[in-house]
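Protein chains in written order, with the working numbering: chain A, 19 to 354; chain B, 19 to 354.
A few of these clues could be false.
Copies of the same chain are indistinguishable here, so a pair counts whether it falls within one copy or spans any two.
Stated by the list, open to error - Listed below are the simulated DSS-like cross-link pairs for lysine-lysine, each with C-alpha atoms no more than 25 Å apart in a straight line: (1) LYS300 x LYS41; (2) LYS75 x LYS331; (3) LYS76 x LYS331; (4) LYS64 x LYS287; (5) LYS331 x LYS64; (6) LYS325 x LYS140; (7) LYS75 x LYS140; (8) LYS331 x LYS300; (9) LYS331 x LYS140; (10) LYS300 x LYS64; (11) LYS75 x LYS300; (12) LYS325 x LYS287; (13) LYS325 x LYS300; (14) LYS64 x LYS140; (15) LYS252 x LYS75; (16) LYS325 x LYS252.
Read the hints as simulated data drawn from the structure, not as lab findings.
Number of protein chains: 2
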Amino acid sequence: MKSHNLKPRYDPDVDTIVSGIMKGERHILSRAITLIESQRAEDEQKAHEILDRCLAKKNGAIRIGITGSPGAGKSTFIEALGEEIINQGLRLAVLAIDPSSKQSKGSILGDKARMERLAGRKEAFIRPTASSGCLGGTSPKTHEAILLCEAAGYDVIMVETVGVGQSEVAVDTMVDFILLLMLPGSGDELQGIKRGIMEIADAVAITKTDGDQAGIAAISRAEFEAAIRMLPPKHPFWQPQVFLTSAITGTGIREVWQNISAYFALMRKHNTLEELRRQQLKSLLYTLLEERLKRAFFSNAEVIGSKESVEQKVLSGQLSPFSGANALMEAFIPRR
Amino acid sequence: MKSHNLKPRYDPDVDTIVSGIMKGERHILSRAITLIESQRAEDEQKAHEILDRCLAKKNGAIRIGITGSPGAGKSTFIEALGEEIINQGLRLAVLAIDPSSKQSKGSILGDKARMERLAGRKEAFIRPTASSGCLGGTSPKTHEAILLCEAAGYDVIMVETVGVGQSEVAVDTMVDFILLLMLPGSGDELQGIKRGIMEIADAVAITKTDGDQAGIAAISRAEFEAAIRMLPPKHPFWQPQVFLTSAITGTGIREVWQNISAYFALMRKHNTLEELRRQQLKSLLYTLLEERLKRAFFSNAEVIGSKESVEQKVLSGQLSPFSGANALMEAFIPRR
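Please build the complete structure, drawing on both the sequences and the hints.
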């Protein structure tokens with residue numbers, strides 16, 4: 019619905035957006051990601067066309083997932099690593115998954131101040147992407163944003179995830195390499211780390227190892243190395259390493275980047291990257307399917323017609339949620 | 019498929035299970051949770067009946083979610099708080115959400131040794147519940163296990179979640195009170211903590227504040243208190259507090275329990291608990307629906323028939339994942 023109080027918004031067509039993306043115009047790329055994230059039906063058709071056309075352009079970008087607990091210093095680390103990457107002459111896109119708040123949006127403090135140095139570089143593109151309202155805990159929007167960044171010619175796409183848990187397993191289906199950031203001292207708590215998160219890590223960087231943390235950081239490193247040895251290998255040719263890093267002093271940042279580069283050199287040598295891309299596309303297909311399926315269900319006339327009454331019966335205790343779910347499924351797909 | 023090498027397993031009927039649960043028999047409760055978690059169609063019908071009958075029994079149990087990053091000391095804290103609760107003459111059930119590993123199952127080290135002291139008490143029931151293969155990142159199984167524990171007469175149900183992120187938002191739809199556990203020193207990293215997790219916390223306990231962590235813990239406490247003041251209130255009558263705790267010295271454990279008790283007294287006074295239960299049932303209804311919907315899709319004959327070919331086209335680049343998803347949706351629900 020358009021408001022008369024607003025100026026008519028600049029609304030470029032699909033051709034303009036696609037050619038803008040291909041030329042690497044950041045404001046067009048940003049607008050395309052907004053279009054992808056839109057919930058409006060007319061935007062979806064447009065986004066679909068843009069994505070179909072951008073998908074055709076393959077540029078060999080590498081995709082890195084950066085994960086770790088809140089407080090592990092992800093933003094600071096990404097800034098330091100990002101500058102290292104840009105100084106190598108590469109263009110970098112950073113997609114920060116923004117876990118949706120149910121009550122409001124954004125983070126408590128200073129999100130705007132995040133990655134200021136990196137945001138000022140013309141070789142960098144930084145964009146938060148929403149993970150809200152998606153089935154399976156995965157955001158297909160993030161995956162779609164990766165595809166657009168690739169079409170825009172970025173050499174390295176970083177996807178930041180917040181939290182240690184399901185969002186990492188989701189991002190694992192989109193990226194080629196996962197870097198786990200851990201604080202010093204957390205190594206003695208390996209009992210608390212579930213296999214899932216350690217198993218998908220291709221490297222571990224212990225952060226903030228400067229100052230009086232050096233001793234404890236060295237112990238943590240030994241503990242993580244021991245833990246990695248206990249895990250089944252994710253790739254037959256790759257043994258994850260543990261790095262001591264500091265975004266302040268710059269310690270270990272270059273080593274992490276060299277490790278990532280070595281990984282991709284091996285991936286290419288073994289022709290594994292192509293197979294990984296195929297798996298990523300397959301994963302996107304099923305994530306999209308779940309999303310569409312849910313939408314089809316909730317826009318079905320029979321479901322809409324009986325939803326209110328089933329819900330009321332469940333709330334009043336007349337119907338169990340189990341029987342209620344069966345009743346609504348019956349409305350959607352009547353038994354023949 | 020039954021194997022001749024196995025003894026016929028003890029397979030109690032619905033009546034036996036329901037009456038065993040009602041009598042508080044732990045091995046029957048445990049068996050019923052196993053039935054809930056089963057993927058077999060015949061078990062599902064049985065589980066549905068058991069749940070329908072158990073749901074009718076309301077006992078006024080309180081549901082507490084315990085969350086925090088890996089390493090925050092959740093198990094140790096739950097042991098200490100659990101003993102405090104049992105010493106008050108209450109019966110306690112602990113459901114530990116087990117985030118699924120994609121490659122293998124379980125945690126790296128010593129899960130069996132977790133909560134040993136608590137597991138030895140007859141007033142306690144400890145049970146890991148799987149979160150695998152569920153839509154939306156939520157496990158309806160966990161919610162169902164809560165309902166069974168309530169029917170079995172437990173006064174306090176604790177749900178432990180691992181990770182800070184989507185699993186907490188999921189558990190927020192099942193429990194009445196969320197306690198966030200944080201390590202000392204993590205407070206200065208509030209930038210890294212998204213609103214989502216702080217907003218759903220009803221109390222924060224800073225763990226491991228014994229020994230040389232006392233100073234930094236006090237600073238963390240002040241920082242968390244400042245952060246909480248910036249947030250919109252979750253309940254109009256409740257202001258979350260921050261506690262300094264140590265599972266080793268016992269510091270703060272009783273205070274946390276008194277705080278939780280005060281919360282529930284207020285909830286009852288304001289008649290809020292009943293409304294919360296209704297919202298929880300509604301949430302369970304929709305979680306179950308998503309699960310059933312996905313199953314209906316993937317067992318649909320038309321979908322099964324075209325799935326392979328669509329997938330191949332997407333993998334070979336002939337079809338984008340977006341167009342592929344549309345094609346499979348068309349197979350499931352042909353346009354009229």
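Evaluation of the provided hints:
In this homomeric assembly, LYS300 and LYS41 never come within 25 Å of each other (Cα to Cα): the closest approach is 28 Å inside a single copy and 48 Å across copies. Proximity of LYS75 to LYS331 under the C-alpha cut-off of 25 Å is restricted to the inter-copy arrangement: shortest distance 17 Å between copies versus 52 Å within a copy. For the homomeric pair LYS76 and LYS331, the shortest alpha-carbon distance between copies (17 Å) is at most 25 Å, but the shortest distance inside one copy (53 Å) is not. In the homo-oligomer, the alpha carbons of LYS64 and LYS287 never lie at most 25 Å apart, since the shortest distance is 38 Å inside one protomer and 52 Å across protomers.
With identical chains, the CA atoms of LYS331 and LYS64 are at most 25 Å apart between copies only, with a shortest distance of 22 Å across copies and 40 Å within one. Taking the shortest alpha-carbon separations for LYS325 and LYS140, neither the intra-copy value of 51 Å nor the inter-copy value of 43 Å comes in at or below 25 Å. Only within a single protomer do LYS75 and LYS140 lie at most 25 Å apart by alpha-carbon distance; the minimum there is 22 Å, versus 63 Å between protomers. When the C-alpha separation of LYS331 and LYS300 is checked against a cutoff of 25 Å, the pair qualifies only between copies, where the shortest distance is 10 Å, while the shortest distance within a copy is 40 Å.
For a Cα distance limit of 25 Å, the shortest separation of LYS331 from LYS140 qualifies neither inside one copy, at 57 Å, nor across copies, at 37 Å. Proximity of LYS300 and LYS64 under a CA criterion of 25 Å is satisfied intra-copy only: 22 Å inside one chain copy versus 35 Å between copies. Proximity of LYS75 and LYS300 under a CA criterion of 25 Å is satisfied intra-copy only: 18 Å inside one chain copy versus 45 Å between copies. For the homomeric pair LYS325 and LYS287, neither the shortest alpha-carbon distance inside one copy (55 Å) nor that between copies (32 Å) is at most 25 Å.
When the C-alpha separation of LYS325 and LYS300 is checked against a cutoff of 25 Å, the pair qualifies only between copies, where the shortest distance is 11 Å, while the shortest distance within a copy is 33 Å. Taking the closest pair of Cα atoms, LYS64 and LYS140 never come within 25 Å of each other, the shortest separation being 28 Å inside a single copy and 61 Å across copies. In the homo-oligomer, the alpha carbons of LYS252 and LYS75 never lie at most 25 Å apart, since the shortest distance is 29 Å inside one protomer and 47 Å across protomers. Taking identical chains as interchangeable, the C-alpha atoms of LYS325 and LYS252 are never at most 25 Å apart, the minima being 45 Å within one chain and 28 Å between chains.
Consistency with the previously given hints fails for numbers 1, 4, 6, 9, 12, 14, 15 and 16, ordered from lowest to highest.
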